[in-house]
Amino acid sequence: AFPLLQKFLKPSRQPSDRLMAIGCIAECSSHLREASIPYILPMLPVLAQGLKDESAGVRRNSAFCCGVFCLAAPTTMQPYIAQVLTGLEPLLGEEEEEETQDNAVGAVAR
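Whatever position you read off the sequence shown (first residue = 1), add 1334 for the numbering used here.
Quick caveat, the hints were computed from the structure, so don't treat them as lab data. Accuracy of the hints is not assured; some may be wrong.
Using C-beta positions, here's what the derived DEER-type ranges look like [stated by the list, open to error]:
1. 1369 / 1424: 29 to 37 Å
2. 1348 / 1431: 28 to 36 Å
3. 1420 / 1376: 25 to 33 Å
Within a straight-line C-alpha distance of at most 25 Å, the following computed SDA-like cross-link-like pairs (lysine to any residue) qualify [to be verified]:
4. 1386 / 1408
5. 1341 / 1366
6. 1386 / 1419
7. 1386 / 1375
8. 1344 / 1443
9. 1386 / 1361
10. 1344 / 1391
11. 1386 / 1357
12. 1344 / 1387
13. 1344 / 1390
14. 1344 / 1378
15. 1386 / 1415
16. 1344 / 1433
17. 1341 / 1380
18. 1341 / 1391
19. 1341 / 1368
20. 1344 / 1366
21. 1341 / 1404
22. 1386 / 1364
23. 1344 / 1374
Where is the CB? At the ideal position from N, CA and C, for every residue including glycine.
Construct the complete structure from the given sequences, taking the supplied hints into account.
See the structure below:
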């Protein structure tokens, strides 16, 4: 599924495309578990941008995907934990939407 979704991850795409693609990758990865490892490193820059996106939906799904990757492949994600936590921290603020805060808290817990 990842190669088919890659074109929807480009910053030039509409936020709805990006949030759909990130959400699909996160949902697939949550079931594939360690089989999702080959997709993690290529997705990290996308998620780093997604956590700062103007769209709350993209931020929300990016936070969820970070948590899924941490749960599915903790050894692979371990070197990137500080970067992930730094990216998630702004999503915990009071000005952020409740759903996005919830996904950020969930990602931190994972």
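We went through each hint and held it up to the structure:
no. : hint                    : in the structure
1   : 1369 / 1424: 29 to 37 Å : holds, 31 Å
2   : 1348 / 1431: 28 to 36 Å : violated, 19 Å
3   : 1420 / 1376: 25 to 33 Å : violated, 20 Å
4   : 1386 / 1408             : holds, 23 Å
5   : 1341 / 1366             : holds, 21 Å
6   : 1386 / 1419             : holds, 13 Å
7   : 1386 / 1375             : holds, 18 Å
8   : 1344 / 1443             : violated, 28 Å
9   : 1386 / 1361             : holds, 21 Å
10  : 1344 / 1391             : holds, 15 Å
11  : 1386 / 1357             : holds, 16 Å
12  : 1344 / 1387             : holds, 12 Å
13  : 1344 / 1390             : holds, 17 Å
14  : 1344 / 1378             : holds, 13 Å
15  : 1386 / 1415             : holds, 17 Å
16  : 1344 / 1433             : holds, 24 Å
17  : 1341 / 1380             : holds, 12 Å
18  : 1341 / 1391             : holds, 18 Å
19  : 1341 / 1368             : holds, 23 Å
20  : 1344 / 1366             : holds, 24 Å
21  : 1341 / 1404             : holds, 24 Å
22  : 1386 / 1364             : holds, 23 Å
23  : 1344 / 1374             : holds, 16 Å
Checked against the numbered hints above, the structure violates hints 2, 3 and 8; every other hint is satisfied.
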